[in-house]
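Enquirer: Protein chains in written order, with the working numbering: chain F, 8 to 453; chain A, 8 to 453.
If you're looking for bench data, these hints aren't it; they were derived computationally from the structure.
Keep in mind that a hint or two might mislead.
One copy or any two copies: either way a pair holds, since identical chains are not told apart in the list.
DSSO-like mimics (lysine-lysine), calculated; alpha carbons at most 27 Å apart, straight line [stated by the list, open to error]:
1. Lys206 x Lys355
2. Lys260 x Lys396
3. Lys253 x Lys73
4. Lys79 x Lys360
5. Lys73 x Lys20
6. Lys402 x Lys203
7. Lys253 x Lys396
8. Lys203 x Lys79
9. Lys73 x Lys402
10. Lys431 x Lys308
11. Lys79 x Lys20
12. Lys79 x Lys206
13. Lys360 x Lys73
There are 2 protein chains.
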Amino acid sequence: MQKKQRTQAARLKGFRDYLPDAMAARVAMIDVIRREATLAGFQVIGTPALEYAVTLLGQGGDETDKQVYRFKDHGDREVALRFDLTVPFARFVAEHQNDLAFPFKKLQIGDVWRGENTQKGRYREFCQCDLDIIGVDGAAADVEILTVFQRILSALDVGGFTQAVGNRFILSALIRHLLRIEAGAGEASALIALDKLAKIGTEQVLGLLHAIPGADAGGSAALLSLLTSHDSAGHTDLGLIAAELKGDDVSLKEIDRLRFVVATAAAAAGAGPEGLRIDLTVARGLGYYTGIVFETTLTQKPGFGSISSGGRYNDLAGRFTSRDLPGVGGSIGLDRLLSALEEMERLKSHQVKPVFVAVATEDALGYAFELVGALRAAGIATDIGMVAKLGNQFKHADRLGAPLVVTVGGSEMQQRTFALKTMKDGTERRDLPASGVVEMVRTSLT
Amino acid sequence: MQKKQRTQAARLKGFRDYLPDAMAARVAMIDVIRREATLAGFQVIGTPALEYAVTLLGQGGDETDKQVYRFKDHGDREVALRFDLTVPFARFVAEHQNDLAFPFKKLQIGDVWRGENTQKGRYREFCQCDLDIIGVDGAAADVEILTVFQRILSALDVGGFTQAVGNRFILSALIRHLLRIEAGAGEASALIALDKLAKIGTEQVLGLLHAIPGADAGGSAALLSLLTSHDSAGHTDLGLIAAELKGDDVSLKEIDRLRFVVATAAAAAGAGPEGLRIDLTVARGLGYYTGIVFETTLTQKPGFGSISSGGRYNDLAGRFTSRDLPGVGGSIGLDRLLSALEEMERLKSHQVKPVFVAVATEDALGYAFELVGALRAAGIATDIGMVAKLGNQFKHADRLGAPLVVTVGGSEMQQRTFALKTMKDGTERRDLPASGVVEMVRTSLT
Numbered sequence: 008m009q010k011k012q013r014t015q016a017a018r019l020k021g022f023r024d025y026l027p028d029a030m031a032a033r034v035a036m037i038d039v040i041r042r043e044a045t046l047a048g049f050q051v052i053g054t055p056a057l058e059y060a061v062t063l064l065g066q067g068g069d070e071t072d073k074q075v076y077r078f079k080d081h082g083d084r085e086v087a088l089r090f091d092l093t094v095p096f097a098r099f100v101a102e103h104q105n106d107l108a109f110p111f112k113k114l115q116i117g118d119v120w121r122g123e124n125t126q127k128g129r130y131r132e133f134c135q136c137d138l139d140i141i142g143v144d145g146a147a148a149d150v151e152i153l154t155v156f157q158r159i160l161s162a163l164d165v166g167g168f169t170q171a172v173g174n175r176f177i178l179s180a181l182i183r184h185l186l187r188i189e190a191g192a193g194e195a196s197a198l199i200a201l202d203k204l205a206k207i208g209t210e211q212v213l214g215l216l217h218a219i220p221g222a223d224a225g226g227s228a229a230l231l232s233l234l235t236s237h238d239s240a241g242h243t244d245l246g247l248i249a250a251e252l253k254g255d256d257v258s259l260k261e262i263d264r265l266r267f268v269v270a271t272a273a274a275a276a277g278a279g280p281e282g283l284r285i286d287l288t289v290a291r292g293l294g295y296y297t298g299i300v301f302e303t304t305l306t307q308k309p310g311f312g313s314i315s316s317g318g319r320y321n322d323l324a325g326r327f328t329s330r331d332l333p334g335v336g337g338s339i340g341l342d343r344l345l346s347a348l349e350e351m352e353r354l355k356s357h358q359v360k361p362v363f364v365a366v367a368t369e370d371a372l373g374y375a376f377e378l379v380g381a382l383r384a385a386g387i388a389t390d391i392g393m394v395a396k397l398g399n400q401f402k403h404a405d406r407l408g409a410p411l412v413v414t415v416g417g418s419e420m421q422q423r424t425f426a427l428k429t430m431k432d433g434t435e436r437r438d439l440p441a442s443g444v445v446e447m448v449r450t451s452l453t
Numbered sequence: 008m009q010k011k012q013r014t015q016a017a018r019l020k021g022f023r024d025y026l027p028d029a030m031a032a033r034v035a036m037i038d039v040i041r042r043e044a045t046l047a048g049f050q051v052i053g054t055p056a057l058e059y060a061v062t063l064l065g066q067g068g069d070e071t072d073k074q075v076y077r078f079k080d081h082g083d084r085e086v087a088l089r090f091d092l093t094v095p096f097a098r099f100v101a102e103h104q105n106d107l108a109f110p111f112k113k114l115q116i117g118d119v120w121r122g123e124n125t126q127k128g129r130y131r132e133f134c135q136c137d138l139d140i141i142g143v144d145g146a147a148a149d150v151e152i153l154t155v156f157q158r159i160l161s162a163l164d165v166g167g168f169t170q171a172v173g174n175r176f177i178l179s180a181l182i183r184h185l186l187r188i189e190a191g192a193g194e195a196s197a198l199i200a201l202d203k204l205a206k207i208g209t210e211q212v213l214g215l216l217h218a219i220p221g222a223d224a225g226g227s228a229a230l231l232s233l234l235t236s237h238d239s240a241g242h243t244d245l246g247l248i249a250a251e252l253k254g255d256d257v258s259l260k261e262i263d264r265l266r267f268v269v270a271t272a273a274a275a276a277g278a279g280p281e282g283l284r285i286d287l288t289v290a291r292g293l294g295y296y297t298g299i300v301f302e303t304t305l306t307q308k309p310g311f312g313s314i315s316s317g318g319r320y321n322d323l324a325g326r327f328t329s330r331d332l333p334g335v336g337g338s339i340g341l342d343r344l345l346s347a348l349e350e351m352e353r354l355k356s357h358q359v360k361p362v363f364v365a366v367a368t369e370d371a372l373g374y375a376f377e378l379v380g381a382l383r384a385a386g387i388a389t390d391i392g393m394v395a396k397l398g399n400q401f402k403h404a405d406r407l408g409a410p411l412v413v414t415v416g417g418s419e420m421q422q423r424t425f426a427l428k429t430m431k432d433g434t435e436r437r438d439l440p441a442s443g444v445v446e447m448v449r450t451s452l453t
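Pulled out of the complex, with its shape left as it was, chain F reads as follows (with noise of 0.2 Å):
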């Protein structure tokens, strides 16, 4: 045979394949996200991987910009693969705002692109999770934004976690009270390193926060002091930060508003302060937010960073249509939560281990194809043997995990019956009548 010149198999770095086990994690781990949205009255909807690049640039920032894949189409078309669903979903409820009932609440499931930095474990191509509820402001939807959240994580089974939660308002206002900044440039810088806190903690972000043009040297540590209070139950003391506020009304009712959708959701979820906290210190960086914001950490895995987050921003497709869409959301990070639940050895194998068919004679194939037939019927995973020699379909139906093996050959055939192999034990029963088979399989699985 004439030597042939190949190609590397290669897949580009910073992308996964999925082989079976990962697969059926990832599968099992979507089907639980959608039982738990559907139950909580979420629609699944869908939107392209590529969008025109107007509609998704300058919307996460220049670092983000600068991460997009985009290129010219077969038309010169300026495109992009989208880096997120949130984007792409303004888009659709601009364009779609007619044929939706709002409050609409959505689930979308797909994957989204980012060249970023492999070097820091990312991944360039990764499945988030979103779910959104639009068209309403209210206390009844944060809770359930909340609610929704708490449900998928616990069905989920990752143990145990945080949810915490923290307000931008509320957050906006005391930085620009106790900095004495107006609305702007300055109070982004503070976002921006208070965001940073977890990570390179107080003494730094209060460099930053001294940096900041115009801002009051004494009013940084007593900004840092207030979001890391804690009330006796662990939250942030709210009491000392409406306190600090008094006289700005519009921010004593986002406090409330704040101490009553967290009490309600953890009612509602039957969660305590351990699993459902207040946390001020929550920023989220720049977005777009606009009301509660928040952040969910697993217990065993603090390190890992949030696996969960989001929250209120009342403009979303403001860009697109000038009908007003408040809305409140979040997002899992599904590939983040398998790596996270792989470290934890929480993964549970989701993979089938069928019932395996093996055929003695090629003679008995129809044969054996009917009993697969009668058995696929019947609920029961069932493989077929498709190489040559016996011994070889045992040892393959050994490698998939088959609990038992149905061996078939020409003389069951004629007499209708089959061979029946437990492989845990290699106990073998034969004769067994082939009207039988989905009973008998049946039981000996159990």
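Fit chain A to the given chain F structure using the hints.
Expert: Below, chain A alone, put in the same frame as chain F:
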């Protein structure tokens, strides 16, 4: 308020959004395919959307290469979006061959992208579902593939359908024999011509065959006459073809295998010749096929073309590895099938219609969430009122198609009761005890 600069909310041409109704139908179809594939021992895998361009290009002919979305990534690598799942799967198999148990049966579901001419009603992003058995050549695997597609299409409830099964080995032998040409360009032209038979008819195909340099003119007519012959059951008359290929023992063996494979698969699927038919005119264009080839048409929509197709290819991964990896597989064009079902009005609604909990007074929100939580925990899809006015909540419940509305306000909270309205007939019961909410709702739903 300052008027904002707005961006038009526009999708790229040839790309679709999935609204809840369509998405629910799509998700339900995917679930059916996954369930049936899993029952048959196929394992789900996944590969990235992006690959090195060199991996994808030159595999589907010049026409396909032109349609591939390709660009340079942030590291100046030539990358491309996959245009099918087969080529990435070949790369996957070569790369992971030591981690897979052969024969390896896989299901892969994913979007693919082609910059096609949208004027033909084609989409540039569409979902493929591929099932393949790799690492084995033999009748059993051929039967298994035909059987699993029969099971899937039946389970998808597409109505009547015909799987037409040809064989590329026999077809090529017959072309060379009757046109008196060697393997090569002439044979390829003949395959392409025959592939158009259903579209352009006998006369025009004859013209194309006559135009092949060196082809025997009389042979073309004989070829077409043999391929379109029928036996009493409606299959291509393999007896006539065997007589023509007398002395070509390899082809005769392939004829026996084709007969055996189709008969066995038909028996396993309980399908008559109208459901599973030998049809040697099935050519599948150029492709990489070396044995059976099949196409599937809907009885109600023959003009819709093939909704599922595939065949045997005995050198899937030869471009990447020296290992011999024969395979057989096929694909369902999910979005095409979805369109067909829509046109046939066979698309059932899969949207969940939740029970709705209305909140008459805001103080009862926590109590409402308690009932909502109990219902959801019992597996009953439940939505909650999130807008202020009770009347608007009922309007929304109606739009969602909620069969029942549970209403709670301050007094219900005090007494731990609720009201229950059946939306169909407008009947309402009051003062029902909260402790019986799951039981009461469940009974009222049936």
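Enquirer: Determine for every hint whether it applies to the structure shown.
Expert: Outcome of the hint check:
1. In this assembly of identical chains, the alpha carbons of Lys206 and Lys355 never lie at most 27 Å apart, being 31 Å within a copy and 51 Å across copies at closest.
2. Taking the shortest alpha-carbon separations for Lys260 and Lys396, only the inter-copy value of 21 Å comes in at or below 27 Å, while the best intra-copy value is 76 Å.
3. Taking identical chains as interchangeable, the C-alpha atoms of Lys253 and Lys73 are never at most 27 Å apart, the minima being 42 Å within one chain and 66 Å between chains.
4. With identical chains, the CA atoms of Lys79 and Lys360 are never at most 27 Å apart, being 46 Å at best within one copy and 42 Å at best between copies.
5. When the C-alpha separation of Lys73 and Lys20 is checked against a cutoff of 27 Å, the pair qualifies both within a copy, at 18 Å, and between copies, at 25 Å.
6. Taking identical chains as interchangeable, the C-alpha atoms of Lys402 and Lys203 are never at most 27 Å apart, the minima being 54 Å within one chain and 45 Å between chains.
7. For the identical chains of this complex, Lys253 and Lys396 are neighbours neither inside a copy (83 Å) nor across copies (31 Å), given an alpha-carbon limit of 27 Å.
8. Taking CA atoms no more than 27 Å apart as the test, Lys203 paired with Lys79 passes in neither setting, with 36 Å inside one copy and 33 Å between copies.
9. Neither within a single protomer nor between protomers do Lys73 and Lys402 lie at most 27 Å apart by alpha-carbon distance, with minima of 51 Å and 45 Å respectively.
10. Proximity of Lys431 to Lys308 under the C-alpha cut-off of 27 Å is found in neither arrangement, the shortest distances being 36 Å within a copy and 50 Å between copies.
11. When the C-alpha separation of Lys79 and Lys20 is checked against a cutoff of 27 Å, the pair qualifies both within a copy, at 23 Å, and between copies, at 14 Å.
12. Proximity of Lys79 and Lys206 under a CA criterion of 27 Å is satisfied in neither setting, with 39 Å inside one chain copy and 34 Å between copies.
13. With identical chains, the CA atoms of Lys360 and Lys73 are never at most 27 Å apart, being 45 Å at best within one copy and 42 Å at best between copies.
Violated hints, in rising order: 1, 3, 4, 6, 7, 8, 9, 10, 12, 13; the structure is consistent with all others.
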